[in-house]
Amino acid sequence: DAGVIQSPRHEVTEMGQEVTLRCKPISGHNSLFWYRQTMMRGLELLIYFNNNVPIDDSGMPEDRFSAKMPNASFSTLKIQPSEPRDSAVYFCASSPQAGGQGASGYTFGSGTRLTVV
Amino acid sequence: DAKTTQPPSMDCAEGRAANLPCNHSTISGNEYVYWYRQIHSQGPQYIIHGLKNNETNEMASLIITEDRKSSTLILPHATLRDTAVYYCIVRVVRTGNQFYFGTGTSLTVIP
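First to last, the sequence lines map onto chains A and B.
Taking the working numbering, the leading residue of the first sequence gets 749, the next gets one more, and so forth.
Taking the working numbering, the leading residue of the second sequence gets 6, the next gets one more, and so forth.
In isolation and in its complexed conformation, chain A is listed as follows:
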């Protein structure tokens, strides 16, 4: 099992540009989560999907952020337009059951480090 795969690992972009982060969850996992981590705010839950359907997006900071999960093996988090304050590490996690009831809870990817200049 390759685990949760995120791409790219690092992204540097100019303010105003569109940024797309990608995530491939573990095969068979039904739930997918996007987190953002900064020094100031720690780990924040942005949105989560259950069976490809967005369940709770209350953590998405503003309309510039959007997330999709077109199928069970792929999700994207898009920022348009990007701003310097969006600079953070973005993590994707997946879980075999909704709510993370599985014994291991969530499995996290290695993250995408986004820098907006």
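Read the hints as simulated data drawn from the structure, not as lab findings.
Treat the hints with care, as some may be off.
Partial list, computed: chain B residues near chain A (C-beta under 8 Å) [as the list claims (entries may be wrong)]:
(1) Y51
(2) H54
(3) Q103
(4) F104
(5) Y105
(6) T108
Simulated restraints on C-beta separations [said to hold, decoys possible]:
(7) P832(A) <-> Q47(B): 21 to 31 Å
(8) P829(A) <-> H82(B): 49 to 59 Å
(9) P26(B) <-> R833(A): 28 to 38 Å
Each residue gets a CB set at the ideal place from its N, CA and C atoms; glycine is no exception.
We have chain A; now place chain B onto it with these hints.
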């Protein structure tokens, strides 16, 4: 979910047991205690979880007090690779109830 309180940082000598405390005095009867850790530049990693009884796995032991208001994560023989931020989370395991991470304890294992 119940709020947790952890010391911001701790040191431990390599080879010794690391005991990381967590207070969750408002925990309710159906809330589990979960521990995750995050090694620098990596995603958080599940360690262990429990409800009432003490638990042990290949990574650590979890000791939950009888009144469930506090718990201790024990790394029996800390190594340098255990240097990480350790998060204690209490939550009800149900659909729609997600993991919310606090600030955790930064553990430094000293050679």
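*Which hints, by number, does the structure contradict?*
Structure breaks no hint.
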